[in-house]
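Colleague: Here the structure of chain X is known, so what remains is to put chain C in place on it, guided by the hints.
Each protein sequence line maps, in turn, to chains X and C. Take 1 as the starting number for the first sequence in my numbering and just add one per residue. Take 1 as the starting number for the second sequence in my numbering and just add one per residue.
To be clear, the hints were calculated from the coordinates, so they are not data collected in a lab. These numbers come from a predicted model, not from an experiment. Don't take every hint at face value.
Unchecked claim - If you anchor each label on the Cβ, the simulated ranges turn out as follows:
no., chain 1, residue 1, chain 2, residue 2, range
1, X, Leu-802, C, Arg-52, 21 to 27 angstroms
2, C, Thr-54, X, Leu-779, 22 to 28 angstroms
3, X, Leu-802, C, Asn-87, 40 to 46 angstroms
4, C, Leu-79, X, Gly-773, 31 to 37 angstroms
5, X, Arg-783, C, Tyr-86, 16 to 22 angstroms
6, C, Leu-79, X, Ala-797, 44 to 50 angstroms
7, X, Leu-779, C, Tyr-86, 37 to 43 angstroms
8, X, Met-776, C, Arg-52, 41 to 47 angstroms
9, C, Leu-90, X, Arg-783, 18 to 24 angstroms
10, X, Gly-773, C, Thr-54, 17 to 23 angstroms
11, C, Asn-98, X, Ser-747, 49 to 55 angstroms
All C-beta atoms in this analysis are idealised placements derived from N, C-alpha and C, irrespective of residue type, glycine included.
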Amino acid sequence: MTGETLRNLLMTAWLLPLLGFAIEIFGGFWGSRKSRAAAWLAVACIGTGFICSATALVVWGNATHWAVLSHGDDHADAHAPAAHEGKQDSAPAQPQGAATDTARYLTASLAASSTEEAAAARPQTVFSGTIYRLASFGSLQLSIDYYIDSLTLVMFTMVTFIATCIHLFAIGYMSEELTEEYVDHHAHLRNGHHVHRPGRFYRFFAFLSLFCFSMLGLVIAGNIFQIFIFWELVGICSFLLIGFYTERKSASNAANKAFIMNRVGDFGFLIGLMVVWTYFGTFQFGETVDANGQVVQAGLFQMLPRDADGNVNRNPETGEVMIGSASSPNPGGNRGTIPYFLLVTAGLGVFAGCIGKSAQFPLQTWLPDAMEGPTPVSALVHSATMVAAGVYLVGRFYPLFVHEVLLTIAYVGCITLFVAATIAIVATDIKKVLAYSTISQLGYMMLGLGVFGWGAGLFHLVTHAFFKSLMFLCSGSVIYGCHHEQEMPKMGGLWRKMPITALTMLVGVIAIAGLAVPGLVGLSSAFAFSGFHSKDAVVATALAFVKANPAHYLLFIVPLITAGITAFYMFRLWFYTFAGTPRDAHVYEHCHETPLIMTGPLLVLSLLAAYCAWGGESGVLYRLITGDQPAWVHHGIAGSPESLTLPGHAAVAAVHHEAGLLALIAAFSGTFVAWLLYGSGRVNVEDIRRQLSGVHSFLANKWHFDDLYDAIFMRPMHVVGRFCAWFDKTIFDGILHASARITLVVSRWDRTFDEVVVDGLVNLVGNTTWSVGNAMKHLQTGRLRQYVMFIVAGVVALFAILLSTFPG
Amino acid sequence: MQFGLQAYLFVGAVLFVCGLVCMATKRNGIGVLMGVELVLNGANLNFVAFSRYTSLGLDAQIFSLFVIVLAAAEAAVALAIALNFYNNHLTIDVDRANKLKG
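Next up, chain X with everything else stripped away, as it sits in the complex:
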């Protein structure tokens, strides 16, 4: 059974890091702090996970005869990540027209015979089922499910691969922790000394393993509740890792900030979950089938049937939306309706969680602060795991999003990508630039998903994961090589000292900027790195969307301009750091290229960052990701006058050249400006900064978002807190103190009463007994004859009394 094989492989990949964590966390007890054993164990776990994931991808591909790739595919290239297997050439041609027309989103379940017509047209590609049932409360089943489709598999392979690279890199980067006494130069005690503490090498890798476990659990999850659990686990892990240097005030603050901001989003998530549970009655994505292959419970993804145009079925009078499975009429008896606004609420609620996790506007401020963690963590958090979780969930939950939600997603992404990109222009900390670029790119993904580019958004997610992890590791390499110097103004000219880092970084920069050499046949065959293809896909979808809905023209203009800004700030970073002349002789002198364990992952990642998206939207990666995309995404949704028109693939393909060309022009102009300002040395940047000091300070203060939140939330909270403290201190404490005083008085009086009356009585009895006994003891003379006399006297007295009382 393919489903079981896939499940077992992915479960191995998922649970191995947990095993690793369980062992590594005891590294401080079981081994020496100078041992690298924990790191190698973590690498082994996640590396095995990667092998399992890749194998699962091959198994899945073979079982589906690589149908997703054989779609007029002539661009497949052996460099693509999915091409580790080299199978796509042998993929037999499938009757593709029929396959794409079938409702692909319908989950064919483990018992494959359930959907006969789908199985006839196309082999089963989605596998879902239950691993373990935790509890059932009435009709509510809490279980550990799995839901495996092409997206799951691509995510698994991507996450495990990048995590492996980052683990390897971290072995080098964290080697300073391999000591019994680590001196933290950034943490000061009150007396001005640095903090001395034992090294925490093993702990770092334990947390990394836990992080990978959580993320993989999130990806494999087969119900929304399970996703929520792992969602929180990911949050905890990021908290632990961002606050890894917990002695530093800034690090612990950043960890708290990340955690609390995520809670804000999760509140919305919970509301969404409640709506879903109340109206749909299940958390599971896929159908539940019994032993006979009969569907006993429809999954969430089958519950919102769409008509031929892709619109949800609304009751014409009430506007309520029909719920029920299209493939299995009323199996669970929960066919009903849901008010339209609650469907929107559910979508927005789940998206609110994604806003927090993926650092979208307005919750984006935690991510730059999260740079306080060690750089490998930044690479992991900001490429493959934490922030990817939000985008992944939006993609996963797509079948339940309606137009309004999608539009919100698009606008949130649009605002985010612009705001973050502008801040990145003025940031001088090398990691901060990358952090803002991450937020900006996440905005692109959200925008892509929001404008109905399901494939485009997730495509960008995967390519971004590769080139952003590459760039973060490069920045880590720079920071390590420059002895923890992060300020770019102190760098410059570093390419002579660290050529490998500079070169791989350049690959990443070109990839994210989206530069390309136009090919002979047109843009689709352009020689370009991965970022070009994915960003191209997002921008093209946005253009198609705007052409269909001209009112939302900003959704195309802003990302287009931001594409230029992206190229500008990324090349600024590269020129600032690696080109030109050294600005700080001290840093430059002590700078050195990092060891092979750190440059190795850079080289591997740079290859993938460059070529993973080979072929663009007809390439292997895109085909794999979109293999199981919801069916109506392909066609688009034709709008009525009052609702949006969502572009299908045909519409996107029609504007692809135009969008690609515009994006390329924007990218090249951004690059040119960056070269002019920072590469050529002909323009004095300081002059420009002085001219635009107002704008500069506005951007350098991050659009005053932190100040704004400080004013809106923190200050009022402090006022409320102070009032509460005052209330506590005066009112509550007053009551308490008064009652205490009363108790004191009462107990004093009680003591007096006890001492005088009760003790007095008791003492009186005792004293009386004592004195009586003392007096009587003189009678006991010990003289026998006297006793006899007493007896005689007593007898005589008795007789006298007797005779006088009863005479006669």
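Modeller: Then chain C, alone, in the frame of chain X:
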């Protein structure tokens, strides 16, 4: 000459008083014991007299038999005490036995 009950009671009373006086005045332990025997026998004489002259009948005689048996037992115990006391104090002066004085 016919004697009535009073004569017996009189003799018993004399015996009783003699015994009492003996107990009250003798310092010798054996003497005290002898006083006790006199008191008991005075009582016995009364019992027997009552048996003869009243409706008490044989009950009174059985009582007196009990008293004699008890007196024998008491004498045995008391003599043993007296011997032990002598062993310890080389005297049987009851006035010297004042260890239990209050």
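Colleague: Go through the numbered hints given earlier and state which of them the structure violates, listing their numbers in rising order.
Modeller: 2, 6, 7, 10
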